[in-house]
Amino acid sequence: MEKRLNKIEEEALREIEAAKSGEELEAIRTRYMGRKGYFTEFLKSMKDLPQDQRPVLGAKANALKAKLTKLFESKIKTFGKKEGILESSVDITMPGAEDMRLGHKHPITKIISRINEIFIGLGFKIAEGPEIETEYYNFEALNIPLEHPSRDVFDTFYIKRPMLLRSQTSTVQIRVMENEKPPLQVIAPGKVYRPDAVDASHSFMFHQVEGFMVDKEIKFSDLKGTLSLFARQMFGEDAKIRFRPHFFPFTEPSAEVDVSCIMCGGKGCRVCSYKGWLEILGAGMINPKVFEAVGYNPEKWTGYAFGMGVERIAMLKYGINDIRLFFENDLRFLRQF
Amino acid sequence: MKIPFNWLKDYVGIGSMSPKEVAERLTIVGLEVVLIEEIAGDSVFDIEVTPNRPDCLSVLGIAREVSAALNKKLKAPRVKAIKGKVSQKPSITIKDNKLCPRYTGRIIRGIKVGASPKWLAERIRAMGMRPINNIADITNYCLFEVGQPTHAFDYDKLKGGIIARRARKGEEMVTIDGKKRTLEADMLVIADEEKSIAIGGVMGSKDTEVTEATRNILFESAYFDPVSIRRTSRGLGLISESSYRFERSVDKGGVRTTSDRACGLIMELCGGEAGPLNSVGEKDPKDVKVYLRPERLREMLGLDISDSAVKKILKSLELKVEASGKKTMVISVPSFRQDLKAEVDLIEEVVRIYGYDKLPSTMPTLVGHPRRIEPARQLRNMVRETLASLGADEVITYSLISKDELKSAEFSVGDDVIVLKNPLSIEQEAMRTTLVPGVLHTVSWNLNRGTKDLRIFELGKVYFAQTRGFREEDSLSIAFAGDKPYSWRGKDEPLLFGMKGMLETLFEKLGVTGVLFKPEDLPPFFTAVGGAIEVSKKRIGFLGKVKKSVLNKFDIKTDVILCELSLEKLFAHVKFEKRFHEMPKFPSAKRDISIIVGKNASYQKITSVIEETGGDLVASIELFDQYFGIQIPKGSRGLSYSIEYRAGNRTLTDEEVNNLHGRVCDALVQQLDAKIR
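Sequence lines, in order, name chains A and B.
Quick note on numbering: the first sequence equals residues 1 to 337 in our numbering.
Quick note on numbering: the second sequence equals residues 1 to 677 in our numbering.
For reference, chain B alone in the conformation it holds in the complex (with noise of 0.2 angstroms):
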């Protein structure tokens, strides 16, 4: 809201304070000056103005504001009720006293329309608007004034009376902006018999406007439903000064001393005279009452503020302490405070007034809660840590994605993804169901910048829709790309086995056990190399290699290595209690050995046979070399393993270590077509 200091000082006695001290103290009292601007020698005051103070929307609005906080004297312009020699009133019908529950009309004959005196002209241009003429600026100018949009319509156009009506579906009407509008049946308009003249509190029509050639006008002041003028100007995608502040709800009181204020103007700067006042609905509000009671305010506020004190903050408000009882005052709530309903809004008046700067600083009596972080909570801070401590860098992005991003990753895009009604963009119009576009997104966003090596994790939630409501879960995605060499023994995949290193690492920092990873079963946007993640045959993820056809859409020219799995999923597996094993007493014995195995021999299964061979006594098995090479047959791999062997009870003979050590290697040849070297 503009407010020209000038404008203001009319208004309350500011003396010789500065625009600068006054702007001061509006801010500290909650109408925050967010600009002075110099104005043709005045100093324009841009006023942030909450939604629930629609009285502040005015100059006057704003001198009550200062006479509390400087504790000055208002001046509020005197309004004489308007005495003409016009005896007709203007007809007036209400058809729906919802959309309008007050109309109030009156006729004004034989003005001259032209321009404004200077006066005038110039605090409509304060206010950063053009002055039009004389009539115009007038109801502009007791907007700004006082807050109440009025209209004046051009009587001679009109065909019979005024009735407030909703608009037929379709209706059209060119409003003054010059624009031509089609109203909806929910919409309020004020028509004569044959047409619409206006769309009700948002904006006359260009037919009846008031011209040059104007001689009588009918002058309408009036108060809209503020929900009603929110639908229509949003619909219409119109926003008047008018309309802001019908929505916000104007002063059910100003409507009847607007017209006369106006009207007085009129008669005095066009000449003319005026009829008297037809008003139909509701007639002028009575001051509500509210209670207040000082002990509970001082309770409330912490501060210690004597009765006097209060009442006497509410007085320099303009509200009336009524009856001032042992323990209740009572006050009487002007129809301009429409905020004021309850005790609580009175508290923050006094307390506002009062300064906040003056409020104490106390600390509360701390109940304290039992120091239970929940454990998904707790978990997803040991997964942060756990990551960030083996060198991976944490990734925020947004949870809004394209669905075109979804169909880059080779993710379906089916009834499950959740889709905005009112996306900013395309970019942005559906919920993540995967991690995946934008861990990749970033992946190529760093690659391209320069980032030879890069490991990111992101923690949060995807989200989907279901049958009956949506889903939210926590879900977590590792990418690895770049040229490190994470290894197992830094020949094959190194990547791949790098993020398989940090999941088993984290799998066993969570306690989490039995975990596989197979061969099988791997989303479309991965190469065949790669597996999906089960604990205790509940599959919870996959890792793997990305495919080249999915980079090139991500504009990613290295190999990525992906892993993306269900926290929820995997957090139902965490195992923290932990149990001492005792130390072996009894020596072991290592035995290697060298074996060329085909494809069908996995690690896993080697591991297996190895186990199940050797039963108890089997304590460790190690590999530690694996090679190709011109003595291994095409398609098959020399593996090296170091085996100990210990009994819980004794220690081992050679004898007997070497027999079990045969088992093994029978075993390998004969389950697994293993050669030993």
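Bound conformation, chain A alone (with noise of 0.2 angstroms):
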């Protein structure tokens, strides 16, 4: 038995010698040291040995393993392999501990989160208001007659007139003005609820930002220098933006307003219908008769406002393509972002 010990140690010491590259190597080291290994099998035959020659066999087993781990541990540097090769009983590939795994915020509390983060870094701070409002607040005050057909697409669900679920977020423009003297620089994001029927682009209840800046001299050239830089931060630096007259009550003059389409970059594609341009919000010069609604002078101050869709945000930026997708809360949906 020693005899035989003795011929691997010699053996395999020559063949280490020999070895010229790292593959090599390894393949002697299974050769040697692997399961079915000249080594190991050799150990195992140790077991019908006599109890007596046992212990010191053992010990120059042992040794031998020690020196020839060693040896190719050594031999493989040469080859520029770093340490811990000849370790590779551990499949890396394997997953991950799932308790790692962090969990996510609704996507749009990320782009409200996002919205949020551009504005104030431009200065403006965040307010809120109520959910349940007033038809004055909602309406009157954002110069919207009560019985107008300018009211129809503000549809809304009433609690008890004049009680109702605010179908804006522009009516925290009325509480701020109310309660502050300008210079002013506001957002404000919230929920807002309209009597929809629900389809892939409708929903009963979803999320607009509000921002607004009231100075001694602001421009309607400064609110298209303002949300080019939103839509840059957005949507990325090439993102470009289009102003379209529109009107709505509460500003004047009033625009709509597209973004270059993030798909195609404005070339047309399937997303912007061939257009080039896709609609994000709508936007104008603070209608002197909403100062007027809050005791400000629309001699001395003016002011810009502008409403976003968050829902609308995200899917754009995220390429989602129906609404209720957010509401659903599949977390197969939730866990994408």
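Wrong hints could be hidden among the right ones.
Mimicking EDC-like on lysine to aspartate or glutamate, the simulated pairs with C-alpha atoms at most 20 angstroms apart in a straight line are [claimed, not checked]:
1. B:Lys83 <-> B:Asp96
2. B:Lys557 <-> A:Asp330
3. A:Lys275 <-> B:Asp46
4. A:Lys160 <-> B:Asp416
5. A:Lys160 <-> B:Glu427
6. B:Lys461 <-> A:Glu128
7. A:Lys240 <-> B:Asp357
8. A:Lys317 <-> A:Glu279
9. B:Lys206 <-> B:Glu241
10. A:Lys275 <-> B:Glu21
Here are some chain A residues the structure puts well away from chain B; computed CB gaps all over 12 angstroms [to be verified]:
11. Lys3
12. Ser21
13. Leu227
Keep in mind the hints are simulated off the structure, nothing from the lab.
Here the structure is a predicted model, which means the values were calculated and not measured.
Every residue, glycine too, gets a C-beta built ideally from N, C-alpha and C.
Fit the two chains together into the complex; they arrive one by one in their own frames, and the hints show the way.
Structural data, given as structure tokens:
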């Protein structure tokens, strides 16, 4: 037995010495030290030895094992391989521990945070207002007469007149202006409600961010500059915006604002219906009538305001095609963000 | 609004521009062409007209816009005053001049009702309507051409003169569409001496409709109060081309001219002779004067535009520049532009036609607010961050739910539940007073779609009706379900203790201390497993295992652990100031103890006995095992603690520690009937 061990040692040393590459060395290692290697087989066969011989030979075998292991390791370094390659019994491609998984904030929360960040960076502050509102804040103070076709686009859930669920976050504009004096730079995120039947692009509950600025010399061109900056930060440096005239009772002049299609960059594709532009928000210069409603002198102050649908922005940014997904809360959806 | 391109070309010199080019121009000036349809060889624009522009609900109105946008000449149809041979004037009485400020009527005798000529029929078809007869088609033609609705009555079916009055409550009329309508007292009707013959501005009666047999007509052109028309139209659920325009307010200046225009066409196409116009109520309107300061315009827009360019644009819109002083222009606005009442309105007109695309992009002088995010918002962000970083996914469910859902979750539906007056359906008739139904619904949705391990949370408002007014309050709900073991050592109620651990981490993060979980006062939808959450003796929420009967109603087949807490109440206990505590200078000594205790000795009670007995010398208490088994009597459990003793000012001797530990053991035996193993 001892002779056999000596022979293994002799041959192993010779072969290790002669090895010319890491692969060759690894093959030698397997041949001797692998599960069915000579050395391993030798160790197995030791159980057949008489009791009294075992300890001595065992000690020798262990010494040889240590010697060979050391040799393999020092030899492998001469081939420029890193330490540890010989201990590859761990499958590093196995999945990591599930306990390390983070949860996910809702995509709407994420988009609102992003919008907030952009405007906080410009010195805006965040304001909030109640969702249960009065006709005055939701309509009259915003220059929307109660019985006028301009209210048609603001269909509203009522609790009991004059109490209603706000159909827009512009209500916060009035509440802030009633309590504070210019200059003001404010954004107001929150939930709004409209009795729209639910389909892929409509929801009776959704989120808006209202933003406005009031000071002595706020210009329409400032609105364009601010929103251009917003679009670039939200959709990327190449994003451009376009103003189209529109009508909102609380702003004059008013504009609908488009961003260059984030899919095709404006060339025209299915997402933008081959127009190259996607509508993202409504904006304008605050109507002097709104200033009058809150007791500001419209000759002294000018301001701009804008309002955007958060779901709309999220759908464009993430390529989501159905608004219902936001409120179904399927984890396969939520865990993507 | 549908606008056939060929018809438009009659009124404005478009030249060789293609429909698509014109449509693009219109869109740029704010009249968005949503669609171009090819109908019978013509391109028909579908234009989105905003409610401030009733003047654009006509081909002529759109032609004016095209004329300004393309800088091309407008060719409005020439309208001649009617000189007929009939001398009779119809008798007209306005009984309610608020609902009917102006009414004109004219008698035309000897007409021949028949099919319209081809050109007229084609125009009617291009508008998406079916030609009826020459009289009806002419009224529709004028409605589309200038935007003024008119109406022809069969004169021989009228009994006496025209009366514009309020309807009598419950008065009935069969309208031209063949439906019987029951009227209300606030609705305006046009009547003769016996009966109503039209719902003013909405629809005429079947009885007095012009038919093939009609020889003589009474031709109506009037101005009706927009609000009244809107109420009537909504009240009856009857929206007509006519009501649509009246509720947006028609051009008062078009009442008389449209009558002339239509009657001229009638005499031309249907024969007959017209009589003089009887106009009752308001006269033709005068132009309105609006001031414009070009300097203000430039300042407000941030646009460098010359006075002459401003004037040119205003003139292209048929606005007259009456006077132009150094600082102020006086602009005369014709009656068809009712939307231009103030200086800002004119400013918008200028920049709209000048081109929004030419507006420069500038940045305002930003004043900057101190970066103060109001605490509640900051705290909500922290809650979301913390829970997500602990592996929970955020959900957003509807604030509107059904009363049944509240009942299913065994919440009471009392006076504090806010109910909508006009819900879309009973599924969303009430405002949630708790996040629980929405969260359970989400649990169910996901479990039934194959999710095996679920940790979700919602942070949102709940709503209550109060004796005076309403209350909105932030609430937090977390739900765990599925087969993943979060332990206390993976044994007892792993999900429950998993959630408790999550809450404890959240409280730590928010600096909320003194939180107690009490096994009492559980809401009715919980099993006995769970407890109320208290901070400084104030109840802030609850945590527990949901009852099977409730889970069944939400179609959930596995255990669900759920909590809900009031963020407002929680935030009252938030503390962020940190104080440094020096690291201990002297070594500690640990002693282990295993005890068997009965049901009444809770972890919390055991801990307080140890703390009270050991006082300041107890540095930490660690529970490292809980066991049940054959050596333990039924209903009892074994607990193993490692207690660390330390003094702040010296090293405790072995003897001191042993004495102290001995007293702790005695206290546990005496006070909690514990057996030391």
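A quick look at each hint next to the structure:
With a C-alpha separation of about 30 angstroms, the suggested pair B:Lys83 and B:Asp96 falls outside the 20 angstroms cut-off, and the hint is violated. Distance check on the hinted pair: B:Lys557 and A:Asp330 sit about 18 angstroms apart at the alpha-carbon level, within 20 angstroms; holds. For the suggested pair A:Lys275 and B:Asp46, the alpha carbons sit about 17 angstroms apart, so the restraint of at most 20 angstroms is met. Pair hint A:Lys160 plus B:Asp416 holds up; C-alpha atoms about 14 angstroms apart against a cutoff of 20 angstroms.
Restraint check: the Cα-Cα separation between A:Lys160 and B:Glu427 comes to about 19 angstroms, which is no more than 20 angstroms; the hinted pair holds. As the CA atoms of B:Lys461 and A:Glu128 are separated by approximately 13 angstroms, the hinted pair is consistent with the 20 angstroms bound. Among the hinted pairs, A:Lys240 with B:Asp357 is consistent with the structure: their alpha-carbon atoms are about 12 angstroms apart, no more than 20 angstroms. Only pairs whose Cα atoms come within 20 angstroms are accepted, and A:Lys317 paired with A:Glu279 is accepted, the gap being roughly 13 angstroms.
Pair hint B:Lys206 plus B:Glu241 holds up; C-alpha atoms about 17 angstroms apart against a cutoff of 20 angstroms. Taking the CA atoms of A:Lys275 and B:Glu21, the gap is about 14 angstroms. The hint holds against a cut of 20 angstroms. With a closest Cβ-Cβ approach of about 54 angstroms to chain B, A:Lys3 is found to remain outside the 12 angstroms limit, as its non-interface label requires. With 12 angstroms as the threshold on Cβ separation, the claim that A:Ser21 sits away from chain B holds: the shortest Cβ distance comes to roughly 46 angstroms.
A:Leu227, annotated as away from the interface, has a beta carbon of chain B within 12 angstroms; the closest lies near 9 angstroms.
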